[in-house]
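Chemist: Given the structure of chain P, go ahead and fit chains D, C, Y and X with the ligands onto it with the hints provided.
Keeping their order, the protein sequence lines are chains P, D, C, Y and X.
No gaps in the numbering here: position 199 of the first sequence is 199 in the working numbering, and each next residue is one more.
No gaps in the numbering here: position 27 of the second sequence is 385 in the working numbering, and each next residue is one more.
No gaps in the numbering here: position 109 of the third sequence is 804 in the working numbering, and each next residue is one more.
No gaps in the numbering here: position 111 of the fourth sequence is 1080 in the working numbering, and each next residue is one more.
No gaps in the numbering here: position 182 of the fifth sequence is 1554 in the working numbering, and each next residue is one more.
It is worth saying that the hints were derived from the structure and are not from the lab.
A virtual CB, placed ideally from N, CA and C, is assigned to each residue, including glycine.
Hints are supplied without guarantee of correctness; some may be wrong.
Here are the computed distance ranges between Cβ atoms for each label pair [unchecked claim]: (1) D:Phe370 with X:Ile1505: 39 to 45 angstroms; (2) P:Thr96 with D:Trp459: 54 to 60 angstroms; (3) X:Arg1507 with P:Asn102: 58 to 64 angstroms; (4) Y:Asp1239 with P:Phe37: 55 to 61 angstroms; (5) D:Gly471 with C:Ala777: 19 to 25 angstroms; (6) X:Gln1445 with P:Thr194: 53 to 59 angstroms; (7) Y:Gln1104 with D:Phe370: 35 to 41 angstroms; (8) X:Gln1531 with C:Ala774: 45 to 51 angstroms; (9) D:Arg682 with C:Ala777: 46 to 52 angstroms; (10) Y:Asn1366 with P:Asp181: 17 to 23 angstroms; (11) D:Pro508 with P:Leu147: 35 to 41 angstroms; (12) Y:Asp1239 with D:Gly471: 54 to 60 angstroms; (13) C:Asp775 with D:Arg682: 50 to 56 angstroms; (14) C:Ser787 with D:Gly471: 19 to 25 angstroms.
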Amino acid sequence: MFYREAGDFKTSYTDDNQTFPIKFDRYRYYVVLAIAFGVIPFLINDYWANAFLLPFLIYSIAAIGLNILTGYCGQVSLGTGGFMAVGAYACYKLMTSFPDVNIFFHVIAAGGVTAIVCTAFGLPSLRIKGFYLAVATLAAQFFLVWLFNKVSWFYNYSASGQINAPERFVFGVPVTGANTDAWATYLFCLVFLTISAIIARNLTRGMQGRKWMAIRDMDIAAEIIGVNPMRAKLSAFAVSGFFIGISGALFFAVYLGAVEVGEVFGIQKSFLVLFMIIIGGLGSIFGSFAGAAFLVLLPVVLKLIGVDFLGWPTDIVAHFNLVIVGALIIVFLIAEPHGIAQLWRVAKEKLRLWPFPH
Amino acid sequence: MLEQLYFAMEVFLNGLMAGVLYALVALGFVLIFKASGIFNYAQGVMALFSALTLVGIMDGQVPFSHIINATFGTDIHHFGWHVPALFAIFGTVIVMVLFAWIVQRYIFRHLVGQEPIILFMATIGLAYFLEGVGDLMWGSEIKKLDVGLPQGINDTIDQVTYEMFGYGFFIDNLDIVATVVAVLLVIGLVIFAQYSKEGRAMRAVADDHQAALSVGVSLNFIWIMVWSVAGFVALVAGIMWGTKSGVQFSLSLIALKALPVLMLGGFTSIPGAIVGGLIIGVGEKLFEFFMSSSALAGELFGFTISATENWFAYVLALIFLVFRPQGLFGEKIIERV
Amino acid sequence: MLDSAPSTEKLLEVNNIEVIYNHVILVLKGVSLHVPKGGIVALLGGNGAGKTTTLKAISGLLKSERGDITKGSVSYRGADLAGRDPADLVRSGVIQVMEGRHCFEHLTVEENLLTGAYTRKDGKGAIAADLEMVYDYFPRIKERRKSLAGYTSGGEQQMVAMGRALMSRPETVLLDEPSMGLAPQLVEQIFEIVKKINEEQGVTILLAEQNTNVALRYAHYGYILESGRVVMDGPAAELRENPDVKEFYLGMSDEGRKSFRDVRSYRRRKRWLS
Amino acid sequence: DLVFPSLSYRTGPYAAGGIPFADGYADYFTMLNARDGGIGGVEARVLECETGYNTEKGVECYESTKGEGALVYQPLSTGITYQLIPKATADGIAIHSMGYGRTSAANGKVFSNVFNYPANYWNGASGAINYLMSQGDISGKKVALVYHNSAYGKEPIRTLEELSAKHGYDLTLIPVDHPGQEQKSQWLQIRREKPDYVIMYGWGVMNQVAVQEAANIRFNMENFIGIWWSGSENDVLPAGEKANGYKALTFHGVGDDFPVFDDIKEHVVDAGNAAGAGDQIGTVLYNRGLYAAMLAAEAVKTAQEIHGVADINAAQMRDGMEALEITEDKMAALGLPGFGPSFKVSCENHGGPGLVGMTQWDAAAKEWTLISDFSPSDMDLIQPLIDEDSMAYAAENKIEPSC
Amino acid sequence: MLDNSESYVTEDGRTIGGVVMEMKNITLRFGGVVAIKDISFDIREGEIRAIIGPNGAGKSSMLNVISGFYVPQEGEVLFHGKPRPQLRPYEVAQQGIARTFQNIALFEGMTVLDNVMTGRLNKMSSGLLAQAIWRGKAEKEEIENREKAEKIIDFLEIQHIRKTPVSRLPYGLKKRVELARALVSEPSILLLDEPMAGMNVEEKEDMSRFILDVNDEFGTTIALIEHDMGVVMDLSDRVVVMDYGKKIGDGTPSDIRNNQAVIDAYLGVAHD
Ligand SMILES: Nc1ncnc2c1ncn2[C@@H]1O[C@H](COP(=O)(O)OP(=O)(O)OP(=O)(O)O)[C@@H](O)[C@H]1O
Ligand SMILES: Nc1ncnc2c1ncn2[C@@H]1O[C@H](COP(=O)(O)OP(=O)(O)OP(=O)(O)O)[C@@H](O)[C@H]1O
Ligand SMILES: CC(C)C[C@H](N)C(=O)O
Ligand SMILES: [Mg+2]
Ligand SMILES: [Mg+2]
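Isolated chain P, as found in the complex (with noise of 0.2 angstroms):
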């Protein structure tokens, strides 16, 4: 018996409405949140940083927003990476533009300005469904690309058309810019991601997320019995351009640096925070987390065990990289379709009733 859940009673409502109602799970969270606040800013050098860390946390964020969209409120959306952009060139812009303010607030204001780019290409939503509304957020994939690659005003003029962070500081230490330390990004990076997961959860499991769940599952059935479907799919897009855009901003800002468009935020990037969503688990938070962390170390480590450690040529490898990566998200699909969030379920279960079954 690893997994208790025996013994531990609620007797109230709040304690059976927690994120974690069962105790062990409860410990669980608070000690992964101190060994991330608390270890890792002491342990990180420049290549875990920039290698998985910051990648990690950026495009877990960036899953939250989509999982949103896609597995609480069932909108599929091809069009993250433009809305990515959004954030970046928002974020550039104000980072500009108020070079006083805090880049805090740069971020924050970023993830708003996405929130409305993003309601507006949501609302052919209302008319268009399943992988009609997919491809058509292709058209925002596209669109906005080709547009902030036009006008020049989003990159300030700049003769390359590309944009450049510069630096800025949170409590005088840079977190932007070239001269950052690998803590000081992590942290940064590691409280928005925070902060997203906590309101990302708290909406999801109150009458918000219900709703959403609600279209998701049967949107006719949903508006018959009084969901408004035109709020509730603009808020869902709404929510999840909020963290997109917060995502492509630090993308831009701490990850990167500099930005061009077309190939940072192009449709590979889409297709990417989507296969997150999906390997992680649909319409679960925890599998936002765990599809980012997949996804983000697979590379890393074909890469150790292909070009390292086998010292195969680096064509082949890269050639075997894709037959390995396509192999493996088939495999995964088809070991379990509902991602890592579910296989984490299915052990959960089986722990609880090992070692006896039924």
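Modeler: Here is chains D, C, Y and X with the ligands on its own, set in the frame of chain P:
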């Protein structure tokens, strides 16, 4: 002024032709979607893969030669023969049927009954996989594909129109061939899907896997069949596009051009693919033409709008969809409680 | 109505099967039953007893729902069915009419019926004749033959589903709740049809039904399932007379049928197993 | 050992161009190791990292390789170069963006760690115009620029505009979005506007399609000039016969008629150590990769001389690059006589001499031939542009110009 | 004949109020199919009103018209005596009309509890921001409503499956959950579309008890479609009979039982 009109007409005609080429890719999507509700993102990579295979067979390339050489220290590249195009096409079709079988046996059989988005993701996985295999098998350098299709400006049209209007229209020979092929394909496929027993079974499977199983339709058979046909359509698209730009990775990106076509025509409609293709082709070419050539646009926005082709098709399709959520010819979305 | 089984030859045999969904949910806990050739066997039981699961275990449709038979075996005409494809089974004459209709929404009513004949090889003429036969059974769907099945009413869809199965000229039909959602006279009608094909064409029938009353009137033999176990079986006539069956499945007390209004305040629960 | 990261791309839409360059870059170092036992006795190690020509992956590659003692980065993408400039400068590692990247990085006073010798995109633009002027009067003529709609393709616009003001030709801008598989409208526009000359800044499939479409509308190939990234065998082969006569700029020699290739064959190919499939030797992009490797190796030697250590570090490498001098004798001694111009890098000038030559495709022989000398570009016009742009960058990033 | 606003007391002592909802000359067409032809009937406050008829008669369509999901081509719906403007379905729900569906329409991906809680959505008002922060108003509201939901869950005896995802439930329990979801919204009118299809007698008895209790305890008006004549005759106060879009009968169960047109079209034999 008249001049402008002729230009516009030329652009229009070329748009039609470009649309046909998009439609060729879209057709493969439609088939698979119709038969299984699978939104096959790998269709573009299938076009690439089939074209690579075709060239490989024609040139007598040794598959996986690079790995073989790397592991065994050999130095083999070619069998040293040249296969005539027709036989090579035949060989490629066999490969695509084999591919269909593998896809069915090892992937989709295990995913029966899953949600569409899961299936969609699986096809993206498949796309990666196939791209890697294609690279490993045939190498990623550019290959020239020549199955003897004519290419370049059609002189007859040029001359005839020159005599008629004083302006010779540009139509590419390859586009004319593509149009003929596409029309034949569409007619064939429509007859198949609408009137044959297998076609009916295919539509049944798309509606409800379980029920289809319960009446004795073999999902395996139907899906292998459909993926084979889609593989064939991919080959046709691969030949057309490969002849144009050489066979290489970017061929797989034409999938992105086919998506708006699908949206517009309806995911389930074979004729829709063609009509959608034509509308998109014409729409994007004309839009680009007016925007980049008119001074008006420049005055309006302070900059000229150009390179719109990546998004225009999507936006156009989106606008259509708002009025017809299932595309122009797509199956009605049945909404009942 | 015949109450004794018309033959003793066991056509379909289910031996002590266990079924698990999703690797964790154990649903059938050892179900055994026999269906004699030419018989009508009813599978009775409350919601969630496992009737549908049993039928799916036989027809092979379990797999597509992430269910697995983990123990026991199913055999048809003495041959083990493990690992057989559902399509294969249809070809050898076993067809299932699924619970909840499952029509092909985007096909017309007539096309739906024609898919039933998918496995048949006896020519267009015979199929057309059977199509007429089905329309004779269900005149209502003849009127709607050209409309998409997705737009027909619940009852009409049930008729389509039945008709579709008949189109395959089956030897054995697994019927899952054929009466659900049908108007009373249609229920009778459907069971008359069941009886007719059983008598005229010798079709063997395994029937999962909630409407115990009708089911036991038409079946020869019945099994009662509760929580994944067979708790009682016997010839239909005997079951009809069993006091527990009477009370819980037929809604009769000693004074005859009791009104649904009267159950409000008193209720007695008795279960063979729980 | 001496670490040379190679940010290559062997997959994705630009693989066809990435592979030969990466092969050439790797083979040259393999050859040095096998023949000379490394550079100055220290083994060279090429660290390949796949970027897929994607800026984001490029940054990942940079971050994951810089810890290994990387000496100089060859990002092989303008986009990635832009991203790496501030990072590499902060880390004190040099970037060699040879014939691409940020043109104004030629100003070493501002870009201390970035080098783009021997020629850059503005040299290329000017070289093309110079070549056209050598063919006849250009004033009043129409010139169209077909360009990859990215940081890369936009580079020459400013120069061409200035040049058009100076020489009186009309400039039409025709962008092509990534990937450029479909260029019907662009070429119909060209057919309509009948420019006298077309200059192309393309990469990847965009090149092949453009050459093919130009052939389709029967645009005279003689008047169609590509930048050096639009002038490899890949770009013209798919169009077959019809590509005959197409021209492309270059800043180095063509063909495998140089002694160094014998060494490559002997020490690399025959030893079974060729990078990739080993079938690219002598192609335009292979040669360019090889040339880049050669310049890096020479810079190492220079650095070893200056600092008197064999196993140099990144900072020393930078110094070596800044003091690099290539002479004809040196080239001949390396087995590359006349392959590239001689030049000298200095603290102020990281851009080299900016000499460009012209090559032309012979479809029958399937080879590129050099049809002009390496001649200077219009530095009078370019230098002020470089200064202006680099000073703006310096101001923006608060860089104190050095030297 | 009673006046629209008059109320009366039934034999078993329940008070039936005036007309709350009146369908006036409703006609509904789908392309060529006429699903409802010029039908009028009314529903009185506190009564159990059954709608019966053969398959395809248009019963479900009628409920859909009431729900605002189908828009009739002709006719109007009067609510509390006033013509109801064309409302979106969710607006109808906000007026206190709840329903269940013929082909169970639960939210399969959610737990039973969450499904039931959706029934309370019109009773909760905290905004997005409040919910994002959770502490305070949102939490308080959540708990209050949770209590109501738990009450209904107890009432319908589905406590043990509270946290089970709906997709795993057998048919009959799903129907019960659906009823719970409708009830928890404390509707003034409850529309039930074949709530007892696919149930055995014992389960039907349970279901009947629930329906009667709701009607009794909360005074909820109920419109009920059902094919089991036993149930219909026992439970309902008045029955309207439809046949292929037309109304062929309207009255108390005993009227209907003896109505020849109804017997011909629907019952087949005179029902006991
Ligand atoms: N796909 C599934 N996944 C998990 N559990 C399932 C699945 N299908 C059925 N079950 C469970 O199996 C049990 C038996 O269900 P089954 O559908 O066989 O019952 P039934 O007797 O047909 O009931 P009903 O009369 O309501 O149709 C139920 O408890 C149900 O929850
Ligand atoms: N959305 C729709 N589009 C087209 N036809 C429809 C639609 N909805 C219902 N119909 C048709 O209207 C008629 C009435 O259908 P309805 O579902 O109301 O029947 P019902 O009385 O509920 O029957 P059942 O008892 O079988 O459920 C049917 O013939 C049906 O095919
Ligand atoms: C090989 C590459 C450096 C060329 C490319 N087009 C660029 O400048 O970005
Ligand atoms: Mg069942
Ligand atoms: Mg109905």
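Chemist: Hint by hint, note whether the structure agrees.
Modeler: Structure-based check of each hint:
1. D:Phe370 with X:Ile1505: 39 to 45 angstroms: 57 angstroms, violated
2. P:Thr96 with D:Trp459: 54 to 60 angstroms: At roughly 57 angstroms between Cβ atoms, Trp459 (chain D) and Thr96 (chain P) fall inside 54 to 60 angstroms, so the hint holds.
3. X:Arg1507 with P:Asn102: 58 to 64 angstroms: 26 angstroms, violated
4. Y:Asp1239 with P:Phe37: 55 to 61 angstroms: 58 angstroms, holds
5. D:Gly471 with C:Ala777: 19 to 25 angstroms: At 20 angstroms between Cβs, range holds.
6. X:Gln1445 with P:Thr194: 53 to 59 angstroms: 56 angstroms, holds
7. Y:Gln1104 with D:Phe370: 35 to 41 angstroms: 36 angstroms, holds
8. X:Gln1531 with C:Ala774: 45 to 51 angstroms: 46 angstroms, holds
9. D:Arg682 with C:Ala777: 46 to 52 angstroms: 48 angstroms, holds
10. Y:Asn1366 with P:Asp181: 17 to 23 angstroms: Taking Cβ atoms as reference, Asn1366 (chain Y) and Asp181 (chain P) lie about 19 angstroms apart, which means the hint holds.
11. D:Pro508 with P:Leu147: 35 to 41 angstroms: The hint (35 to 41 angstroms, Cβ to Cβ) holds, given that Pro508 (chain D) and Leu147 (chain P) are roughly 40 angstroms apart.
12. Y:Asp1239 with D:Gly471: 54 to 60 angstroms: Hint holds: Cβ distance 57 angstroms, inside 54 to 60 angstroms.
13. C:Asp775 with D:Arg682: 50 to 56 angstroms: Roughly 52 angstroms apart at Cβ, these two residues keep to the hinted range, so it holds.
14. C:Ser787 with D:Gly471: 19 to 25 angstroms: 23 angstroms, holds
The earlier numbered hints that this structure contradicts are 1, 3.
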